[in-house]
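Asks: Next come the chains, spelled out residue by residue.
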Amino acid sequence: MSESQERHYNILKLNRLFAISTFIFTAVWLLVFVDDYQRPWKTYQKEFRKLEIEKVRSDLNDLSVQLENNPDYNRLTEKLLSAEKRLDSRRDELDKINVELETLNTELYRNNQLYQFSKADLDVLKYDYEKSQFGHDKSSDLKKKYFALNDIVNKYFLIREKSEIRIDKKKKVQQEITKVIGRMKGSLISMTREKNLVERKLSKVDPEAMSFANKVGNVVRDLPVLDFIDPYYEVKQVVINDLEEDLVYMGMPKVDRCVTCHLGIDKKGFEDVPQPYTTHPKLDLMVGPSSSHPISEFGCTSCHAGRGRGTGFNSSSHSPNDETTAHRWEEEHGWEPMHHWENPMFPKRYTEAGCFKCHSGNMPLKEAETLSLGLSVFEKSGCYACHNVTRWNDAPKPGPSLYKLASKTSKDWTYKWIMDPSSFRHNTWMPHFFKKGNNSSPDDIKKTEQEVLAMTEYLFSKSESYEITSVNNSGDYDRGRLLVNSLGCKGCHQIQPNPDPDYDPTIQALRTEQGPNLISLGSKVNEDWLVSWLKNPYSYHEETKMPDLRVSDQEAMDIATYLLADKNNAFDSMNTAQVNDDALNEISADFLSQLLRKSQVNEKISNMTTKEKLIYSGEKLIGYYGCYSCHNIAGFEDRKPIGIALNIEGSKLISKFDFGFWHDEIPHTKWDWLYNKINKPEIFDLIPNEEGSVTVKELNPLEKSRMPHFGLTDKEINGLVTLIMGLVKDEIPASKLPEKTPEYLAETHGERFVHTNNCLGCHKIDEDGGAIWASTAVWLEEIAGPENSEDISLVQSFSPPLLNTQGKKVQPDWLLNWFQNISMIRPHLQVRMPSYDFTHEEWNSVISYFQSKDGLSLKYENPHNFSKATNSYKAGEKIQEEGACINCHFYGEMKPRQDALTWAPNLVLTKKRLRPEWLIDWFNNPQTVMPGTKMPSPYIPVDEPVSDVKEYWGNEVASFVGDTTGMLYGLIDWMWGLEGKEDISSIVKEHLDNEGYGFISDDEDDEW
Amino acid sequence: MKIKLIGTLIVFVLVNFGYSGDVEGKITFDGKAPKMKPLRMDADPVCVANSDIKPRKEWLVLDENYGVKNVLVFIKESKSGSFADNYDSPKEVAILDQNGCVYVPHVLGVMVGQQLDILNSDGTLHNIHALPKVNKEFNKAMPRSKKQMSVTFDKVEAPFKVKCDVHPWMGAFVGVFEHPYFAVTDDSGSYTISGLAPGKYVVEAWHEKLGSKTADLTVDDSGATQNFTFTKPKKK
Amino acid sequence: MGSFKEIVNTISNPTILFTSVVIIFPFVFPPSDWFEKWHRKLGLHHLWSKKAIIIAMIGMIAFFIYGLGDYNFQKIVLKPDNVPISGLIFLVVFFTWLSMYQAYKNDERLEAGQKPDEFYEAPNDKVLVWPDLVYVELISLIIMSAFLLVWSIGLPAPIEEPANPTESPNPAKAPWYFLGLQEMLVYFDPWMAGVVLPSLIIVGLMAMPFIDRNPENSGFYSFKRRRLAISLFMFGWLVLWVMLIIVGTVLRGPNWNFFGPFEYWDIHKLEALTNINLSEIVYIKWLNTGLPESILIREIWGILIIMGYFLILPPLLAKTALKDMYGRLGVVRYSVFIVLIITALTLPIKMYLRWIINLKYIISIPEYFFNF
Amino acid sequence: MSEEKQKSLLEKAAESQIWKSIFRGGGVPRNRRQRMMSVLNSVFLHLHPVRLPKHAVKLKFTWCMGGLSFFIFLILTISGILLMFYYRPTIEYAYTDIIDLAEQVPFGIMRELHRWGAHAMVITVWLHMFRVFMTGSYKPPREFNWAVGVILLLLTLLLSFTGYLLPWDQLAIWAITVGSNMARATPFLGSEGPGASLLAIGDINFITMGSDARFALIGGRFMGEAALLRFYVLHCIGLPFIIMIFMAVHFWRVRKDGGISTPV
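Protein chains in written order, with our numbering: chain A, 1 to 1008; chain B, 10001 to 10236; chain C, 20001 to 20372; chain D, 30001 to 30264.
Honestly, the hints are just simulated from the structure, not real lab data.
Below, computed lysine-lysine pairings styled on PhoX-like, alpha-carbon distance capped at 25 angstroms:
id, chain 1, residue 1, chain 2, residue 2
1, A, K697, C, K20269
2, A, K895, B, K10140
3, A, K950, B, K10140
4, A, K680, A, K397
5, B, K10147, A, K950
6, C, K20051, D, K30060
7, A, K404, A, K640
8, C, K20079, A, K656
9, D, K30256, C, K20126
10, B, K10209, B, K10161
11, A, K677, C, K20269
12, A, K282, B, K10133
13, A, K652, C, K20269
14, D, K30060, C, K20115
15, A, K380, A, K357
16, A, K535, A, K397
17, C, K20105, D, K30060
18, A, K366, B, K10133
19, D, K30058, C, K20105
20, D, K30058, C, K20050
21, B, K10140, A, K874
22, D, K30058, C, K20224
23, A, K268, B, K10155
24, C, K20051, D, K30058
25, A, K13, C, K20050
26, D, K30060, C, K20224
27, C, K20323, C, K20037
28, C, K20075, A, K656
29, A, K13, C, K20126
30, C, K20269, A, K704
31, A, K911, B, K10140
32, A, K204, A, K215
33, A, K808, B, K10140
34, A, K179, A, K79
35, B, K10146, A, K874
36, B, K10076, B, K10091
37, D, K30058, C, K20126
This one's a predicted model, so the numbers in the text were calculated from it and none came from an experiment.
Let's have the full structure, built from the sequences with the hints guiding it.
Replies: Set out below in structure tokens:
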């Protein structure tokens, strides 16, 4: 057959091949469908639906039970039943009305139609008529027709109206019959509204609660291919038009699809379910519709970062908080770091970095503890001194001035201190420049010694003279100790000889590190200097934060004696290196060769004396290490800081971070880089070896990383990293920023002022601060025994005041005067409000901060007027007498009846000091104003029978029965009328000297 | 749901009318009794005048057998199911009197929502300053004319101090419970907690100075006995 | 095992890799009788046996599987856009083998005086398109679609960071099929590597049938009768194109430095920049004088060499080594052919000049952007 | 049994008017004539001759690479059209639209199909040329068609290259930057190409950054909106249009130059 010759393949074989390939092809297409249909987020949505059904069911159940137990509801249902029964008797009447209404409605319909149609005809006619007028065709026929029809229309209108009136009448009757029931139904509906809403919600999510048709629809809507129409399971997203996703040179509105899986994030009631369904932990602050950051306005990635458009676990760029999580994610989700996205989600520990871009003006940031700690540590460590960050442009240098160093301490001490600060003070903020991983070889140390010698030499050679007023009294150690604990030193200083193993850095803990830990001062400073410093810190260093505590010569001596008694013998016995000319030459040569040729360098060095070399290289080294960034050093006044600016460090591309040889050890993220850099600044000068040891890179002396060791804890570093990650260049639209009202500005400015000057080291504002209380307790224990020092309310009464409602509390001009001229308020207080050298403006900013906080503004206020002749005044006098204010308060020179233990401010001061408005709040409930205060709410017989009051309290008080404010104003009137001595300090002193506080103690005289 | 309700109801009925026992016991002190000096109340003459007998300090009151007064004994938890489901706060009123410038009683327990009347039997000004941590702190003056005021506590709380800032020696302790199973030891150091359904419990004895101790307790139809012995606390 | 990786890293250094390939190449695809003799002697003709391809495929698969255990290898090979190259390697090996296998078979048949395998006797040996061809095509298409779909499901297309014109990734690479050209940039200025050479490739390809125009030996796979053409083409296609692409993709890392397939792409890796121009060699190294001011004098040596290479070498060859060919092709065809060939040869020549004497440019006139 | 029945069903269907109206020649091709007619009468199939040398249907000879290249081109056209529904060629939208294709759009797999298809096409075209070379099929009389094939190769690469920019991510713009930077060095026409400075009259230089070959290619001095638009238009309209013309010529010439090459 010729046919078979024209064939090559066995057709059956080809058929089989075709069948197989078609089968594969079909299978692959099915796979494509499945792959497209099985999006990972669907699993989560299905799971969440189950949770939601469960929750809605239980909500519904709760509401039903609530309704069942609601007596009002039950009463109403019963009433409704009986009302319906009553209605039954008039059922016939109602039925009749209904039938009649039906007929009437038909009639109305007909009549209305008649009217409408005739009106339509009329309109046509009207136009014809008007047109004829226009064409001067004054056809009277049209006119006549028009008016005739007009009459008919009017007639129909009346007929229709009549029908309407009849219907209205009937309806009124009908309504009257059903009125009661209607009203009841109305209130029932309002009671069950919530339940109905939940029921409706349930019928939307719970297939079991659905009608049959809906059940079918519920299945069909999510079928493959059909699910593009209106699926239940779908990608959910938030689009925020004025927040932009940074796409380099342009922004696209932020699109966050996080809610596709994090379905419970904005719903209460899912707090305890596992991720991704968990409710946001701070729903009142974030995400919630009524919070200040609703999800519809802010989305998710604007704070958390991440790839908002992603709908997969990886493609949304999650970041694990720790290695365990990372491993778990790898197993559960096949997680791997998402390269190719510059802003991966912050891991949980750095989440607060997202707060900073909008709230960079605040300090501290409430609810952002890590970030606030970071801010504090950033300031304490003086990071800003070397690394420019705009926010701190005007901040003073973080370290003490070295202009007059020679008067304060010795070269010897300075040398050892620079060499190894923590050997002198274990928790100092002065960082370690030496004995780091990259300069610890014996050769390095030899060089280091000469470097430190040189720097010391320079500092002392440039030191100015400082006139010390020497005091000749001799101090008393014990008195000194008591003073240190009671005056307020420990609001800012610690005396902590050994490292605390449980040290937990918090903002509160850092408040007692405002000034140095006052240990081993005997090894550091001389007595004369210390006394001068205590008496007037500003004379040594104008910019110091140490305030003037108005200590007397004797007190200064006592304190100095106490502080200087402590010496650090180990430190003292350390050796200082000898000058080594060779090493010094090398150091000098390193610097000189930056300017000169090699031959010139040698020549120059051979012409320099040792001292010149020391001073020359000392100056260069101070410049090189950047000592001047933190300290005032002569000759470095105009130098720029040495570090790179960190203003947009958080936005810097990851490719700009050099991981050196640590690419396998350190995860490739910005935060891990930063963490390691801060934790061990020289890390990238090192090369990790396989066994975990490191070798140092071959580096020239001036190439080495200079950043010093700060010895920070994990928590502190995490705070810093959070802050640095928050330093971004994002442009935030004004609509998303806190509104810059004058109040807001005053508050943020004030908060920062309060923070910078460590007001909360002593004071408490709104439950925050009061670091000094511990020291008060120590003092109390010493003078009154442990049972008193354990009494927290007693400690409070001897501690600096709470500054809650300070703005509302005091008269601003009084406060300003007082700030500038501190005087006694609470007579038994030992702790002293220091005298600061702040300007008027600075004080005013503090006052306006207090005022803004309380919703007031600095403005003139009418003085409180009163007359001694009024009932009010007299009533006040009586209340005062009954209330026995004199038990605790001074009335001018008149001493309180009780012991000094319970003493309270001189009431004569009140009229100048306090605002009556505040006093009313205060009298009403002192505890809410100042929690823990020992001031009781004065008793006023406001709700006692008038006759009783008349009998017991007198007519004047009785005239105010029922008027709380009236009575309290009486008290205020009386106080405003109180005259007497304002300055009672001498009386107080005399009393305390003679009689003491009158502490009650248990163990003191009970032997056990 | 219903079954659970009925179950609770049955338990409740049983607890109230049926099988329930008294827990009794005695608290003793093991150690040397401290010598205690009388209180000095010179600061307020009224106080001195009001006291019939010289009041003594109350931080450790022992009888001759070293029975400890003023120990608050209470059921801390139940190991055999919930026992603190729902108790109505009792109608009767608890009393804390200020008499002779001391608080009577020195230690007391109240239930959540129970009315506590604070009386002023002295003719002087007291202020009643409660220092709870969970409940709301209050500090109210009671001038001599004010003989009585009422307060309630709405949260469960371990014993906290109540003091008078005018008379610094005055102190009392109040514990707030959600159930009625607590008692304060009498002069001899004995206590009785009654009406407890059979089951396993943890009972705690709390003293202001001596600290607290707990014990496991099995209550059967005839009740149970649980004694505690305290020793002198170590100095901190 | 670590040392195996090191060996692979070492031999994939372009110097070693390229040299060995260039040396081995004529023995594998012998262009002349002499090579043919050694080809047989070394047993390299067994490369085109069925056993060889099975071993080669298994070996390559084993290497890939082994390599994927290494993080750095995995990272570079599994980069989505590099996956086609892995496919390309397998396909090229396979199809080179397939064509050579058939060619050798046909060669044997021809030697034995038989017709090649593809020979048919018109018109009786013809087959109908329907269903044979159509059916086969249909099946291929279906399998191809299925393959593409599976590929698409399995490997998501890459999407990296949003475009940032100020922030160039390191290394910045062209699409893989142009990486051969980018690799040439190491040795040539862009105008050569990016414009002239690609244009010549196109022109050269188009010119091919006009140079090799004898319709004999077409329509079937053969090697022996076309061994010069095939070995030249193979050199261009396998060595100068496919291999350079692989080098450019897999072996070039940050700063276009060489990295072995198992080496971490460390951005800090440095290569000494010690390349110098011919003019510097002549004037400074040999003559020990400064560079002359005049561009013409400065570059005259380079210009002479280049002119010699392009203008004198072809006629010289026509007179000597390529006399036969010249005779066969005639002036025009010979000129086109020889210019294409020697231009293509500039690439390996420059490579070796670079590697041996660090030569940067033969002619360097940066003033006019003319560097060669 | 059922097979028989089905066959007859098929045959019945083939005899219906509708079938006949669509497929000329009628009937299921069972005999030689019908088979020839089915090729001749189909607009698609008549690209092929009716009969072929035996080796032309053998895969080991043809590798089917030419056919696959064309087929992948069709796949790319279809998936490309689907992608055009979702993709907007502006620098604002391009990138996010691509993300959305991956994250959200139903059958976003079209993008993968398109991208991998493009890579596959480059490879199949190369291998097709390789086969053509190895069988010597470029030789006369097919030399012109070989040249057309070379142009098709060039167009394939250009299509792939232009498409590479469209996702507007780092990978895209830097690959294209590297590629297009070479245009800057075009002799005479590139601002940094040899000889460009000769194209000047007096001090007026005609080849500058703003007028050279690279500028023409990307529509600006640097990668931006204009480059994206240019590449998009080239990728979606310009180059496909040209490649289709050349493909038509290519196929036509395959037939006219004697079909598949055969040993003489």
